[in-house]
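Protein chains in written order, with the numbering used here: chain S, -14 to 238; chain A, 3 to 273.
A few of these clues could be false.
To be verified - These stretches of chain A come out as covered by chain S in the derived footprint (C-beta under 8 Å, 3 or more residues):
1. 36 to 49
2. 171 to 184
3. 209 to 223
4. 240 to 252
To be verified - Think about it this way: if two alpha-carbon atoms lie no more than 27 Å apart in a straight line, the pair counts; the simulated DSSO-like pairs of lysine-lysine are:
5. A:K116 / S:K(-12)
6. S:K150 / A:K63
7. A:K138 / A:K116
8. S:K150 / A:K23
9. A:K63 / S:K(-12)
10. A:K23 / S:K236
To be verified - Just a sample of chain A residues kept apart from chain S, beta carbon distances all over 10 Å, derived:
11. S21
12. L25
13. G67
14. L108
15. R128
16. T132
17. D133
18. A136
19. R137
20. E189
21. Q199
22. Q206
23. Q230
24. L232
25. P233
Please keep in mind that the hints were generated in silico from the structure rather than gathered at the bench.
These numbers were taken from a predicted model, which means no experiment stands behind them.
For glycine and all other residues, C-beta sits at the position ideal for the given N, C-alpha and C.
Take a look at the letters that make up each chain.
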Amino acid sequence: MTKHFFGDTAVLTGRSMRHVTRSLDTIITTAIMPIAFMLLFVYVFGGAIHAGTDRYVNYLLPGILLITIASGIAYTAFRLFTDMQSGIFERFHSMPIARSSVLWAHVLTSLAANGISVVVVVLVALLMGFRSSAGVLAWLEVAGILGLFTLALTWIAVIPGLTAKSVDGASAFSYPILFLPFISSAFVPTATMPGPVRAFAENQPVTSIVNAIRALLARQPVGTGIWIGLAWCVGVLVVAYVFAMVTYHRKIA
Amino acid sequence: MTTTQVRGPAIRVQGLQKSYKQLHVLRGVDFDVAQGAIFALLGSNGAGKTTVVNILSTLLKTDAGAAVVNGFDVAAQPADVRESISLTGQFAAVDEILTGRENLVLVARLRHLKDPGGIADGLLDRFSLTDAAARKVSTYSGGMRRRLDIAMSLIGDPPVIFLDEPTTGLDPQARLEVWQAIRELAESGTTVLLTTQYLDEAEQLADRIAILHEGRIIVNGTLAELKQLLPPAKVEYVEKQPTLEDVFLAVVDDGGREGEAGDVRKSGTDE
Chain S
-14 MTKHFFGDTA VLTGRSMRHV TRSLDTIITT AIMPIAFMLL FVYVFGGAIH AGTDRYVNYL
46 LPGILLITIA SGIAYTAFRL FTDMQSGIFE RFHSMPIARS SVLWAHVLTS LAANGISVVV
106 VVLVALLMGF RSSAGVLAWL EVAGILGLFT LALTWIAVIP GLTAKSVDGA SAFSYPILFL
166 PFISSAFVPT ATMPGPVRAF AENQPVTSIV NAIRALLARQ PVGTGIWIGL AWCVGVLVVA
226 YVFAMVTYHR KIA
Chain A
3 MTTTQVRGPA IRVQGLQKSY KQLHVLRGVD FDVAQGAIFA LLGSNGAGKT TVVNILSTLL
63 KTDAGAAVVN GFDVAAQPAD VRESISLTGQ FAAVDEILTG RENLVLVARL RHLKDPGGIA
123 DGLLDRFSLT DAAARKVSTY SGGMRRRLDI AMSLIGDPPV IFLDEPTTGL DPQARLEVWQ
183 AIRELAESGT TVLLTTQYLD EAEQLADRIA ILHEGRIIVN GTLAELKQLL PPAKVEYVEK
243 QPTLEDVFLA VVDDGGREGE AGDVRKSGTD E
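My request is simple: use the sequences and hints to build the entire structure.
Below, the structure is given as structure tokens:
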């Protein structure tokens, strides 16, 4: 049946993309919280923050984009959870299709939906004065990092999506992830933080990813930090993928 | 579909066992279902009916025993089994956000059939859903949902169909509509395995009835054979009072059912 993998995945991705486009509120909700943070930090706290860039919104945007993705993957888990509950997952699995395409369709939909949200947030940032002189290649690198980050978080989201007993349970995992950017270099430089907090902030994935994106957009050298950021993404991706597959095979026998 | 037609029973189940941790749900289930028959698996809640259906539709693995569907072993040839069957689960597994027509097209495309749109239109017509075709399924009534669910299961003409409690939660009218759809299925030669907790449903529809109790089939036969298990009938004269169901159907049957646009009423409800 694997000969149908790509065709089946395309059909099923088309289906769940309709779920996204027909409930545009999910994209708006995904984008609205990061936009609210951006407004709050730029127009309320921003004046008092000395981040070392001429425009604070330039400093802030990379972290805001990670928050956008972290809130977006809650919907990935939600869509998967709904399919599990409604029995349509079982219907698909009892049909002569490539079974793994059911899960991959959700993963691809997650990438696409988060991509749309990220674009919306970037457009709002442009309205707020965000400017970058980065070239096409740098933007592609940023897109690649964000894509990898989305993929890593998506495979984490698959686990509660498959196992949760309630809607709240399906999306609760995203709260700690949403909180990580606050204890990182996303909003303020880590230099002013007290010792242990600073140690945590400088050694958690968000800081290295945010610094890499910030450097790319500001046309500054990315240094070795980008490799640490990418290593985090790939590491989380591999571990989450393995656990998600174990969960999946336990669930579908 | 390229499923080869196989001689012998459409479904053969032998010594099926399944436990969830300490709970022995199936303790050795055996039954055969002849091709083209409607076979009812009767049992109370938790008797293991859904477990049997899930094993036969390759969603669950057995602990012991064997099951063959359309000549294919469920453990060894699951892909061939999936080509041969359709599952209509306990809760109408339809996509609420898509329209009725989109649901049918989706299944037709996943079954890799030509002309998914034509197949969808044919089924919408057959199940009196044409007028509701472009509406989101979330606006459908329970009966319409179930009809769509069954229509989705017919796509690709699988020789064997599993219906897990197809009328649970439906109102009496919707129930009659579903019964009619099942009868038409069997007339067209499809083998139907039906689970139900309603005795009258089995009585109305099934060629053979098996009672699943405490993980075993305790009785298996035609309705006539099952009736012989009881003492012979006595002749008594009693005044036939209408049942509440008769009353309900007579009163509600207002000739319109405007609530469900395009619904064709199935006759025979008010004799």
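Structure-based check of each hint:
Remark: the stretch 36 to 49 of chain A is not confirmed as covered by chain S, as 0 of its residues place a Cβ nearer than 8 Å to a Cβ of that chain, below the required three. As drawn, the stretch 171 to 184 of chain A meets chain S at 0 residues by the rule of a beta-carbon pair under 8 Å; below three, the given contact is violated. A stretch counts as covered by a chain when three or more of its residues have a beta carbon under 8 Å from one of that chain; for the stretch 209 to 223 of chain A and chain S the count is 0, and the coverage is violated. Check on the stretch 240 to 252 of chain A: 0 of its residues sit with their Cβ under 8 Å from a Cβ of chain S, so the three-residue criterion for coverage is violated.
As the CA atoms of K116 of chain A and K(-12) of chain S are separated by approximately 17 Å, the hinted pair is consistent with the 27 Å bound. This hinted pair checks out: K150 of chain S and K63 of chain A have alpha carbons roughly 23 Å apart, not beyond 27 Å. Proximity of K138 of chain A to K116 of chain A is assessed by CA-CA distance (about 24 Å); at most 27 Å being required, the pair is judged to hold. Under the criterion of a C-alpha separation no larger than 27 Å, the hint pairing K150 of chain S with K23 of chain A is consistent with the structure, at around 19 Å.
At roughly 24 Å between alpha-carbon atoms, K63 of chain A and K(-12) of chain S fall within 27 Å of each other, so this suggested pair holds. At most 27 Å may separate the alpha-carbon atoms for a hinted pair to count; K23 of chain A and K236 of chain S meet this at roughly 15 Å. Remark: the non-interface label on S21 of chain A is consistent with the geometry, its nearest Cβ contact in chain S lying 13 Å away (cut-off 10 Å). L25 of chain A, annotated as away from the interface, keeps every beta carbon of chain S farther than 10 Å; the closest lies near 16 Å.
No Cβ of chain S comes within 10 Å of the Cβ of G67 of chain A; the nearest lies about 15 Å off, and the non-interface call holds. In this structure L108 of chain A is not separated from chain S by more than 10 Å, as the shortest Cβ-Cβ distance comes to only about 6 Å. For R128 of chain A, the requirement that its beta carbon stay farther than 10 Å from each beta carbon of chain S is met, with the minimum near 20 Å. The claim that T132 of chain A lies off the interface holds: its Cβ sits roughly 21 Å from the closest Cβ of chain S, which is beyond the 10 Å cut-off.
No Cβ of chain S approaches the Cβ of D133 of chain A within 10 Å, the least distance being about 21 Å, so the stated non-interface status holds. Even its closest Cβ contact with chain S, about 13 Å, leaves A136 of chain A beyond 10 Å, as expected for a residue assigned away from the interface. For R137 of chain A, the non-interface assignment is confirmed: its Cβ lies about 13 Å from the closest Cβ of chain S, beyond the 10 Å cut-off. The beta carbon of E189 of chain A sits about 24 Å from the closest Cβ of chain S, which is more than 10 Å, so the claim that it is off the interface holds.
Chain S leaves Q199 of chain A outside its interface by the beta-carbon criterion, the shortest separation being 18 Å against a cut-off of 10 Å. At roughly 25 Å, the least C-beta separation between Q206 of chain A and chain S is larger than 10 Å, which holds for a residue marked as non-interface. Every C-beta of chain S lies more than 10 Å from that of Q230 of chain A, the closest at about 37 Å, which supports listing it as non-interface. Its beta-carbon lying about 37 Å from the closest one in chain S, L232 of chain A satisfies the requirement of being farther than 10 Å from that chain.
Annotated as non-interface, P233 of chain A keeps its C-beta farther than 10 Å from every C-beta of chain S; the closest such distance is 42 Å.
Checked against the numbered hints given earlier, the structure breaks hints 1, 2, 3, 4, 14 and satisfies all the rest.
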